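Student: Single-letter residue listing:
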Amino acid sequence: MLPRVAKALAKGLVYFVLFYALPMFLVRQVSGFAPGFFADYEQLVTLFAAVIIFFAVATELTSGTIYQHALNIGKALILIMFVVLAFDGGIMKLDLDIAEGQRIGIIADLRVYLMMLVAIDLLGLARSVLQAVKFLSDKTEKQVPQPQPYEDL
Amino acid sequence: MKQAVKALGWATSIFWIMLLLFTITVVYSALQITPSLGEPSVSHSGDVLTTSLPMALYNGGFYDISKFNLTTLIRDQSGQTITGSSTFVPIISSGANTTITHTMSLSIEQLTSGDLSDLLFNDGELDVEAILRLVYARAFPIEISLNLSMPWGAPFANLTIGDVSASPFNLTHIRILLPVSFENHSFLEMNGTARLEIVDRLDRVVGNGSTTFMLPPENRFETDVEVLISGDPSNIREVNLYFQTTSFNYGPLVISLV
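Residue numbers (my numbering), protein chains in the order written: chain A, 480 to 632; chain B, 95 to 352.
What the hints contain is simulated information worked out from the structure, not anything from laboratory work.
Mixed in with the good hints there might be a few duds.
To be verified - FRET-style restraints, in silico, Cβ to Cβ:
hint : chain 1 : residue 1 : chain 2 : residue 2 : range
1    : A       : Gln581    : B       : Ala124    : 22 to 30 Å
2    : A       : Ile570    : B       : Ser107    : 25 to 33 Å
3    : A       : Ile577    : B       : Ile118    : 24 to 32 Å
4    : A       : Leu575    : B       : Ala150    : 18 to 26 Å
5    : A       : Ile577    : B       : Arg232    : 28 to 36 Å
What the hints assert, rightly or not - Going by beta-carbon spacing under 8 Å, a handful of chain A positions derived as facing chain B:
hint : residue
6    : Leu523
7    : Ala605
8    : Arg606
Model, not experiment: these values are computed from the prediction.
Where is the CB? At the ideal position from N, CA and C, for every residue including glycine.
Construct the entire structure; sequences and hints are all you get.
Tutor: Written out as structure tokens, the structure reads:
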């Protein structure tokens, strides 16, 4: 149990640096460009990192059980919803006041990109479901009594 | 089952790597696009003001820019479109350097029609909207819009008719003097004739007068227009003003004298 907890903590720490500390640093570096716009993204990065770290630690702690696969399925579903929300359904808007009476607006249609992300997430979901089915079938196979060889009298 | 799980794992990993590479190359390519604006040129032809904005776009990235469409619209403060123009480039290939000239024309004659005539007599602000639409990497439609306001100078700004003075002319007519003044705040020289019709309380035209004007930009015009009227000057209700210039004709502009 203890090595598993240590492994989960280490994994959580690595994910914290990769998915929270580093992206937040980048977001803060570019937030001077449009503070209002990037303030929303700080929240999104925090939420994304929280989801990823929670599932990384939880799946590590429950590895070797059916809960690991259930958590993987949950993670895939939550990530799909998260990317759709983070990309505002694929249409991203940015409004900037560049000077008195001058305004610039940018609209990027990222629906194709969002579709790619969701498609890959769906592949991950399918994999998690198959892993869960495989895990259960392996377990059931182990529980079924093995047939004994027939011995001649 | 094992093989299927393995295959899905590989596919997921490969697609993630491909998506990551695509994202990196798209961002890198977008940073390699170098737009440069040339010196805008303004030319007059008759009453038409033409503005040309040359620009060059170097697409140094890996992906094409397609359906490049630059639209500019000028609206008055009530939101009515005065003029608009569009420039379309079907494709700017990767590595290509494309020169685009966006031209926009504004005719003073357009202002004499409909609700835009207010711009002939009143200074104000015009809303300029520039919208750039393009498709990047054949996958990402992007729209960039810029809104700004610019001052508008009216060609007949501060148009006023001062106090009317009357003096007897003969037994049937009275001579009246109408002080007319206005300022040319526009970019064009205003040359032409202002014709006045004097209308009494019974809605009858009781006298006519006219004056010519030659007014360069940022100059004031002042004159007393002499009109012979039949009847009592105290019955004058309004003046109908007609402008005939080299660029446009406009009228009547009804100015009440009551």
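Student: Does each hint fit the structure? Answer for all of them.
Tutor: These are the hints, each one checked on the structure:
no., hint, result
1, A:Gln581 x B:Ala124: 22 to 30 Å, "23 Å, holds"
2, A:Ile570 x B:Ser107: 25 to 33 Å, "29 Å, holds"
3, A:Ile577 x B:Ile118: 24 to 32 Å, "29 Å, holds"
4, A:Leu575 x B:Ala150: 18 to 26 Å, "24 Å, holds"
5, A:Ile577 x B:Arg232: 28 to 36 Å, "29 Å, holds"
6, Leu523, "17 Å, violated"
7, Ala605, "6 Å, holds"
8, Arg606, "4 Å, holds"
Hint 6 alone, counting from the list given before, is not met by this structure.
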